[in-house]
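Participant: Each protein sequence line maps, in turn, to chains A and B.
0 is the number of the first residue of the first sequence in numbering that gives the first Met the number 0; add one for each residue after it.
0 is the number of the first residue of the second sequence in numbering that gives the first Met the number 0; add one for each residue after it.
Rather than coming from a laboratory, the hints here were simulated on the basis of the structure.
Just to be clear, a hint being listed does not mean it is correct.
Using C-beta positions, here's what the derived DEER-type ranges look like [unchecked claim]: (1) 178(A) / 578(B): 33 to 41 Å; (2) 123(A) / 549(B): 45 to 53 Å; (3) 29(A) / 274(B): 52 to 60 Å.
Quantities reported herein were computed from a predicted structural model and do not represent experimental measurements.
Ideal Cβ placement from N, Cα and C applies to all residues, glycine included.
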Amino acid sequence: MYKKILLCIAFYLLLANITYSQKEELPFENIQVGANYFNNFNKNEFHKYWNSTNGAGAYLKTPFYFGFIKIGLNYSDCQSKSNEQPDFVNLIAYLDWGKEFQLPLDICVSTFFKIGISQMDFERSALFVHEGFLLERELLIGTGFIISYDLIDRLQIFTGLDYQKTFTQKPMELSFLQIGLSYKFDSPEWLKDFLK
Amino acid sequence: MKMLLFIVLFFYFAELKAQNFYNEINKQIIYSDDILMSGSRRLSDVFSLITGWNSYTIDGFRWYTNTSSLSINQNQNWILLLNGQRYDLNLLSLKNINSLPVTIDQIDSIVVISSPQLYNGEFTENGLISICTKAPQEGFSIHLGYSTGNETGDPGPYIYTDSIFLNVEELGPDHFTSISYRGDQFWGQLNLISQTHSATDTKIFIRQRGIQWKNLETCSFSPSLILNLKGLGGYHQLITSYSTSENISFLPRSGGDLIFFNPAGKEFPVLTSNFHIGLNGNYNLNQDSKLNYKLQYSKNEIKESDDLLTTDFDWNNSNLSANLEYSNSFKSWDIAFGSGFEQYSLKSKYLPSSDKINLYKFYSIINFFTFTDFLLQVNSMLVNIDNHSSFKVRIFSHWQPNKDISLKSSISYSERMIDEDNSIWTWSLRGYDYLNQNGYDYSFSNLSQNRRQLFADLSVTTLIAKSLILTSGISFNWFNDWYLENYQYNFDETTFILYSPTRIFGGINGNSGLLKFELSNQLTETFHQNFSSQFRIYSSGSEMFLEELLTLPKYKISYKADFEPFVNFSLWTMITYISPTEWMNYQNIDIESNGIYKHKVDGLLIWNFAVQKYFWEKKIRASVLFENILNNKINYHPLGAYFDLSIHFKFELLLDSIF
Numbered sequence: 000m001y002k003k004i005l006l007c008i009a010f011y012l013l014l015a016n017i018t019y020s021q022k023e024e025l026p027f028e029n030i031q032v033g034a035n036y037f038n039n040f041n042k043n044e045f046h047k048y049w050n051s052t053n054g055a056g057a058y059l060k061t062p063f064y065f066g067f068i069k070i071g072l073n074y075s076d077c078q079s080k081s082n083e084q085p086d087f088v089n090l091i092a093y094l095d096w097g098k099e100f101q102l103p104l105d106i107c108v109s110t111f112f113k114i115g116i117s118q119m120d121f122e123r124s125a126l127f128v129h130e131g132f133l134l135e136r137e138l139l140i141g142t143g144f145i146i147s148y149d150l151i152d153r154l155q156i157f158t159g160l161d162y163q164k165t166f167t168q169k170p171m172e173l174s175f176l177q178i179g180l181s182y183k184f185d186s187p188e189w190l191k192d193f194l195k
Numbered sequence: 000m001k002m003l004l005f006i007v008l009f010f011y012f013a014e015l016k017a018q019n020f021y022n023e024i025n026k027q028i029i030y031s032d033d034i035l036m037s038g039s040r041r042l043s044d045v046f047s048l049i050t051g052w053n054s055y056t057i058d059g060f061r062w063y064t065n066t067s068s069l070s071i072n073q074n075q076n077w078i079l080l081l082n083g084q085r086y087d088l089n090l091l092s093l094k095n096i097n098s099l100p101v102t103i104d105q106i107d108s109i110v111v112i113s114s115p116q117l118y119n120g121e122f123t124e125n126g127l128i129s130i131c132t133k134a135p136q137e138g139f140s141i142h143l144g145y146s147t148g149n150e151t152g153d154p155g156p157y158i159y160t161d162s163i164f165l166n167v168e169e170l171g172p173d174h175f176t177s178i179s180y181r182g183d184q185f186w187g188q189l190n191l192i193s194q195t196h197s198a199t200d201t202k203i204f205i206r207q208r209g210i211q212w213k214n215l216e217t218c219s220f221s222p223s224l225i226l227n228l229k230g231l232g233g234y235h236q237l238i239t240s241y242s243t244s245e246n247i248s249f250l251p252r253s254g255g256d257l258i259f260f261n262p263a264g265k266e267f268p269v270l271t272s273n274f275h276i277g278l279n280g281n282y283n284l285n286q287d288s289k290l291n292y293k294l295q296y297s298k299n300e301i302k303e304s305d306d307l308l309t310t311d312f313d314w315n316n317s318n319l320s321a322n323l324e325y326s327n328s329f330k331s332w333d334i335a336f337g338s339g340f341e342q343y344s345l346k347s348k349y350l351p352s353s354d355k356i357n358l359y360k361f362y363s364i365i366n367f368f369t370f371t372d373f374l375l376q377v378n379s380m381l382v383n384i385d386n387h388s389s390f391k392v393r394i395f396s397h398w399q400p401n402k403d404i405s406l407k408s409s410i411s412y413s414e415r416m417i418d419e420d421n422s423i424w425t426w427s428l429r430g431y432d433y434l435n436q437n438g439y440d441y442s443f444s445n446l447s448q449n450r451r452q453l454f455a456d457l458s459v460t461t462l463i464a465k466s467l468i469l470t471s472g473i474s475f476n477w478f479n480d481w482y483l484e485n486y487q488y489n490f491d492e493t494t495f496i497l498y499s500p501t502r503i504f505g506g507i508n509g510n511s512g513l514l515k516f517e518l519s520n521q522l523t524e525t526f527h528q529n530f531s532s533q534f535r536i537y538s539s540g541s542e543m544f545l546e547e548l549l550t551l552p553k554y555k556i557s558y559k560a561d562f563e564p565f566v567n568f569s570l571w572t573m574i575t576y577i578s579p580t581e582w583m584n585y586q587n588i589d590i591e592s593n594g595i596y597k598h599k600v601d602g603l604l605i606w607n608f609a610v611q612k613y614f615w616e617k618k619i620r621a622s623v624l625f626e627n628i629l630n631n632k633i634n635y636h637p638l639g640a641y642f643d644l645s646i647h648f649k650f651e652l653l654l655d656s657i658f
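If we strip away everything but chain B, and leave its shape as in the complex, we get (with noise of 0.2 Å):
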């Protein structure tokens, strides 16, 4: 009923303005403006603002996230890039976006993809983000940046009185610098950034036995290099970056990481580290024809802590990759065709010999114009290795019979082979033994050389009023021949260890649909809404591929309000519940650890709001969050921490075109 009524009052609120109108379908734009607004401080915190995916976290620093169709749990396959460079932050299943050596302050746009297509020479079916920064201003500039936090819930002086649970507070500090230059024709910028964080929670806290509480702070530093030149007959860019948890001696901790291990059923303190270096750009052949260009190395690698009786995982994986594409327009149609070649390779002790994967790939899109308000594109892509091939294919349709209303459909088929991943699956099928080394029972069943996967994807997008859009879409999902990691875990009380063979078991078949709905209005200059909301509304397949379903929310609402009643000055909120889930792989623990750990998770009430304002003619920007106002007791994952109430402040000094 009340919902019903929050519609009806924000129809009745309608007034003006399209934009967004004619995005792609499963597109998402999130700007620079939305971002601050939302006082959000770590990459990590846009997740919060991306509709059309799920994410959780288990302790409240490394996120994990998908698109709604797609298990979190499983897999991080989802492709970043940064400026049109893919960033392979691919640390066994973790994939840390706070890794990129950019700010939040930096960023100019997000542009997130849920629906399979090709993008940047990349095939999205795993989603994709991607993210733009801000070329910086004329001149030389400095922004310096200090930002930090607190959660609630700490014992104070109570931890006198009587037992008290921990918990994790320390959210912070973070720093960074940014000198840039830009001139005419060219701009550098070097960013120095370093992050801060305590995975201190009770929960996560008692199964690291013999671990030091110091040993769950993390402290990374991220320096980067970003160049771009204007000439030469185009656009170029070099990126280059390490980002590393190892100890860096001006830092005020020293360093460390927490790898969560999904066969150990807990997180051990590493030291790791990133290494980027790419170039990309365009060269114009002439006014309606182009190349554009990658080339691209990375290297990820985990490191035994020094001073710690930890795991020692070794893992030393590097990924060197070239694209090239040629895209010519048309009067009635634009194509592109393209080929890449990557190279993943895996140094460690675990593996008999440094081993390599050759990827190969072609690809087309062909738009066809051949109707003013109709658009036909076709994309597909060939990858090849080791003379074994996968297939991808979309249709997309745009069809604009009139200003008020879109129709868009998609239609998209592809095949994906286990190396393409470049997991630790698919070095442990080539030799990689860290786990029957380190005593760890796992075994492989059933597994087939492609998976596949159909998504079909509708969408209506309605201008109601002069500002206000609806827009209504359709997602049925097949999937076929997957494989999917499984667990039974048990609880040891005495030792507060969980343990759990591990099986991959593939033939997994399965199918899901979802319903998904947006309400966007600019209902004055100054006050923006949104209302969004999915909910899955269909699935039927196997057993295991119903139970990882359920890992998933079933349905999402969020409202989001952006008011800036003055100059200079905003106000931000956004409330956001999202539908319990049910982790069927932990369902022995709720008994065996005494209710500690509960595989059932609750449903998340986050309610946040966040003010921020300018100060000195916008040199100094502060904002202050405000997450989970309502001191919700919120928790994402069966072995994750509980988040109370926190606070975020964060202070920049914007020093522009200082000469």
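With the rest of the complex left out, here is chain A (with noise of 0.2 Å):
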């Protein structure tokens, strides 16, 4: 369902964009603080043995060719149901690549593509722990949106949806509901020259 439902935002923010004037801004011209909290909302067969309740993240975001480019980590703790599975911690270094659309009211939407690469870190003392499974990585895609409000100048709210499937033989998909702050301010000109 909630597939659908980004879908139809995605459809929306086409439209937003044809309709309405936006504001280009140049590759690295400001730099996006942010931090985050997200809930995992979804079940499928991953949330038979786990629990991926909440967890937090920080990240970068900077204007960048046809859109921007957002660099993250998240962090959440993925608890075993049972005694045959240890917890394990699982963090996530992403890249994403979006659009933005400014709204009336001082909304801002966006959409992103994630890839990224999610790190499972295993319980070390249960019993049943391979030594060569203690660490797992893996690759993850995504998608999703953002809806941000200016609070005042500089800081803004967000909430949205982030939906990601790591590609590991099952595959795990998770998708979470985020709330977060950010605060936005002017790249210094090294910065700048650096980056481009």
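Using the hints, build the complex out of the two chains.
Facilitator: Structural data, given as structure tokens:
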């Protein structure tokens, strides 16, 4: 269901992009620092064995070619539902590439595509944990949207949906509702030169 | 229908430019920018960019390749050149290009030749790949690189739920350091390269009884030094390198290599090394004539891994070669004469006494420019070993009646002695007794002194629109008195071991024909696309010849595009389809292995996508490559790993002209 909602939102944003004048920012013109809290809300085979309830993250975002890029880290704790599976910490390093759409009333909506690496660090105290599988890393991709609102000049509050698929042999598909704060500042000249 | 639509669109968007219009027949040049934009990490990644060759891998690190006309499975006799020096990376049937001591980023261009011809003192009857590196920037420079990758399909947390297969998962990390200095007349470059790879796919792991996981991990280290001097009447270059998989104390992993050995139907963990030292260059006699020279020595060694109950090939193969060529340009013709000497030798406990093969070669190249729009070239070479000779000749013509069309034709005839191969079969015939002493049943039958081949190629290049070039060609290949390895593998379901007697049959005859098309289009200044295809349209000959052809794809189609929308930022994509192959040597194993191994390899649809970005005034380069975006189960060989969607990262720090 939520995938259909995401699709509808993407379509709406496409229309908004056509009908509403968008402000174009130069690549690396500014940097946004943000922190987010997220909660996993979907259920699938993964949730037969683990609870992935909530987590937190931090990111940096800047205008890029055809939109923006965002790099960040998300941390979450996956608790095992039985003694037969270990708990694990899921640390995700990601890069989002997306497009922002400015709407009336200081509201901004953005959609993005995500790639990242999910690092799963298994609880070492569990007796059945294999020595060769204490740490696993796997590619993930994702998509989602964010709605943000300018609280004051450079400070924003945002919320959104984030869908991630980790390419383990049985893919881990997790969807998150997130909320957070971000602060935007102009990039120093030396940093702009470096990034360009 | 879709293909037709695609071609129509391709033509519709055509615009300008006539690059590559004057290329030699069946010669492809891949430039540095193409390689970097493709996100290639290792030298073997370049094989996917070569349109006229086929390649396969079993474990993802060691690749086997050959021109489309020749079997990959039977030999790796194609020639590898680095800055004009021949690199003999011959480890039994493996020629691992990743052992070459240069990195992707140091490559200036790669010339790939598929038609037999004389090139740099070598007759390319089995194809040639020539890599030229970039000269460093003036002054003192340092380049540092790091790359790594990950193949998807790991068990993840599900390893703790139920039975899960393992896969090849670690595609690195690789590191390189390059320190160089360039003055007015001289430059020198020191390279240090380390590479790691895990061949731990289930299909490989299960046939390695008694072998630990860590022994399937490769760790190699390759230092090299390149010195160049412009002076003393010409240009002179010294290259020395040592590539090894033996333990190096400062590397993160213990060393190791894998050699896939056909008679055993499996790979063995071993320690390998390659040493090379070579001097080449030229001396200008006057404005029109010069002397080209080459002197080089290489040694390939396979040693038993200390901590393993594995096989001991005891293979210490060296090659000493020297070549001298005189060339002169006249008003309407050029001429070059050359002669060379090569000495192959093998030291092994399986050989009663150290043995040597002395090879002498004499060759000539004549170019006629009698008419302004017509070139005729005649190459010939005579090779002599122990009073036996082989003869190689090629006639090439290039006619360009107007600026929009060019016709090229090439016909070559060549003979080759088994001693020229310097292979395990060369040495087995001379007494290398590894196979007998290790319980392998093998035999030779009906081998002749020389095997012969005749290749005829015709190619037409047309400038259809300002920037749209169509090249179409047809090749006919005739093989006579060839020898082929033949196996009939069976699978033991209790030990998971394959076994087969090895039979080397001579007297194999056959013919095949290939049709090739290539469209190249520079749509805008920043967008370039290329479509290439090849089809095997004809084959005939003995049963074994036809069975061997089945291991090669009948057709291969690829589309490639690169786009640089902004300075320092590029996007690249390539979609390739390779038709199914069938490996009759493995036809018994489908049922015997309960479907773990299959002798038919499905067609491969591979879609790759790469992004490249420079930072800090081109001092930092980063690239990401998504390989096999469609996440198909890519498999090249009946015993080979399945390769899933993979991601590759590469970061480089390029500090040029520091002082």
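Participant: I want to verify a distance hint. Is the separation of the beta carbons of residue 123(A) and residue 549(B) within 45 to 53 Å?
Facilitator: holds, 51 Å
Participant: Can you tell me whether the CB distance of residue 29(A) to residue 274(B) sits inside 52 to 60 Å?
Facilitator: holds, 55 Å
Participant: Is 33 to 41 Å a correct range for the gap between the Cβ atoms of residue 178(A) and residue 578(B)?
Facilitator: Violated, since residue 178(A) and residue 578(B) (Cβ atoms, about 52 Å apart) do not stay within the stated range.
Hint compliance for this structure: hint 1 alone is broken.
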